[in-house]
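**Q** Counted the way mature numbering (1 follows the signal peptide of the UniProt record, and there is no 0) counts, the sequence shown spans residues -19 to -1, 1 to 666.
It is possible that part of the hints are untrue.
[Said to hold, decoys possible] In the DSS-like style, the derived pairs of lysine-lysine whose C-alpha atoms are separated by at most 27 Å in a straight line are: (1) K115 to K172; (2) K115 to K143; (3) K172 to K143; (4) K424 to K262; (5) K112 to K172; (6) K143 to K112; (7) K143 to K177.
These aren't lab readings, by the way, just hints derived from the structure by calculation.
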Amino acid sequence: MLGSVLTIWALALAASANGQITPPNALNLRITQNMTHTISPTLYLHFLSTPVKLLSIVGRYGYMWEDINHSGDGGLYAELLQNRALQGVIPNTGAALQGWQSINGAFLTVTAGTSGVSSALPNSLQVSIPKTAKGPIRFANTGYWGINVQAGWTYTGSLYVKSPGYCGSVTVALQSASGTIYDSVTLSNVKDTYQKLTFILSPTNSAPDHNNLFTVTVDGAAAAGQTLYFGMFSLFPPTFRGRENGLRMDLAQALFDTSPKLWRFPGGNNLEGQTWEQRWKWNETIGPLENRPGRVGDWGYPNTDGLGLMEYLDWIEDLEAVPILGVWAGVSIGNYSDLPDWPIVPQDQLQPYIDDVINEIHFITDPENTSEWAALRAEYGHPAPYNLTYIEVGNEDQFAPDSYQAYRWQMFVDGINASFPHLSLQFLATSPPSLPLDPPYLKIDFHQYSTPGWFINNSYMFDTYPRNGTQWFMGEYAVTGTETGCELGSPSCGRLLYPTLEGACAEAAFMTGMERNSDVVFASAYAPSLQNVNSYQWTPDIITFSARSVAKSVSYYNQQLFATNLGTHVLATIPEPSPSTAPLYWVASHHATNQLVFLKVVNTGSADLVGNLFFDFPVIGGFGTAQQLSAGLYPTPGVYNISNTLETPDVITPVASSFGIVDSSEFNYTFPQSSITVMTFAVDF
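Could you build the full structure based on these sequences and the hints that come with them?
**A** See below:
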């Protein structure tokens, strides 16, 4: 026996008339060394170092990712120019000019009537100069609702240009909307066929705001009456870890700082497409940007696919996380009110799509110099194979369970396993947990968007789950609303615009249950992750941003606290949290290597709780530390629907403290109303 049990004596709790739980006046909590199970690490070979390194990823928290809310294009993907290659637009329409505007009389249209930059990018921006033009004639890209201009940054850019009658120069610049030039470069070599011109812009002054433009200027007198064609523009600021075609630094750093150990991608709905042909196609997201056609994503706007398969996998390596690769499994998204009409691939037509996934896995995992796919991956900059263990077959197939059960799941699992018997791949099902599958699933992806009450009441849902070898993956979850039945409705009926303290506490209560049962809940992924405040389709989101600013939500800090304070073993408690001990929810864990004990306590109630805590082992140094999210100094007591926003980004942030422990084994602590507290103790075991 590793130690005596952890005992909690809690006073009886009573529900108030409004459904809130009245907390006890005091709680006695005894903590010991009794470990219930291991928080299993994920082991994989890491090929980036020599000799090969075996990484042990101890962590169960991460993110589900898809391009929604301009989280990719206009968000994490650092490209600054919107509609840079005119992808997914209809030529000769006003909508095709999204992000572009004329200055000083240039006439702009999108055309497919001239040869494009490549077969993948057939559209061009046609710029017609009036015959009477004089002086500078400009057009501009507004960026993704602004461009962040910072002194000392190097902006790397390029564009394609041609003209049948103009052979002069063009000048590119970063400037404010009011005309202040921050830097400019003049480019020559305009010819009658497309030429790629590259440039660097290096502002010496920062713009006061993000209301800035990227402009292209020609001399009106020299170009009068002429037509120029442009294609495939690009402008990148410095990127996270300096990766080419990389990620926006502040957003990537914010995600990195939460220490996510898994990344589920590329969706989500955005994997599936409105039709089979519009699905996310891995092979159209790799290689030179000029060869990526892009697509209209499932959330209503064009995706450049500049953030493609390899960019995702590089990012996951930077995180030292593991990928959960979603693969298209033969169904596209139709009308949610008419599920029988969703486009589903018949059984006798499914094999080519399975072969496509098999090719994708070859591209990701084949050892160097062993196949054409490995050679292509090396050509594109990554000779070593990427890590891949988890394959998620489809997305939310509870909406198409019959074909999933009848043939789609089995054909994908059996076909992939037959091609990669050496990889020991693990498959995640996306059908209802109660639906039997052949072969039986060992991991099931479960999604839940709901109210604070649902997450609080279901914090025990995994306590009685059979320990039969199957595991849950909470592949999407968040508090999205305050009213049952309107969780995905409008703000008028309680839909949240931003995560709130109340919602984060409810999520945290649920997370204590997942962590406490990590033998059957192997991982979880908050969703969605990012939201551009200027164009979004979903609320709330864990990080909100503009072209210049980032706001980390209360749920963000909750995820960060849980992910960065995680043991290798769960410590038992007697009693376990239950409805009779609400509104307190907790989990204790021990990190064997670092010799730390973590205690996470969530108070979802409306009154403070005083806890008397006892240890059956010495705490080194006679003190502990705490990080806490609560209303704290918020000026209106008893208000829990408070949020961090771009205007007020720091209303709720973690507060750190330390406290003494009597005789290294006992102390008192107050858990504030609506709070999340993570304690850390140094131990000698």
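**Q** Confirm or reject each hint.
**A** Outcome of the hint check:
Taking the CA atoms of K115 and K172, the gap is near 22 Å; set against the 27 Å cutoff, the hint holds. For the hint pairing K115 with K143, the CA-to-CA distance comes to about 21 Å; that is within 27 Å, so the pair holds. Distance restraint check for K172 and K143: the Cα-Cα separation of roughly 5 Å lies within the 27 Å cut-off, and the hinted pair is therefore satisfied. Pair hint K424 plus K262 holds up; C-alpha atoms about 25 Å apart against a cutoff of 27 Å.
For the given pair, K112 sits about 20 Å from K172 by alpha-carbon distance, which is consistent with the 27 Å threshold. Under the criterion of a C-alpha separation no larger than 27 Å, the hint pairing K143 with K112 is consistent with the structure, at around 19 Å. For the given pair, K143 sits about 9 Å from K177 by alpha-carbon distance, which is consistent with the 27 Å threshold.
Checked against the numbered hints above, the structure violates none of them.
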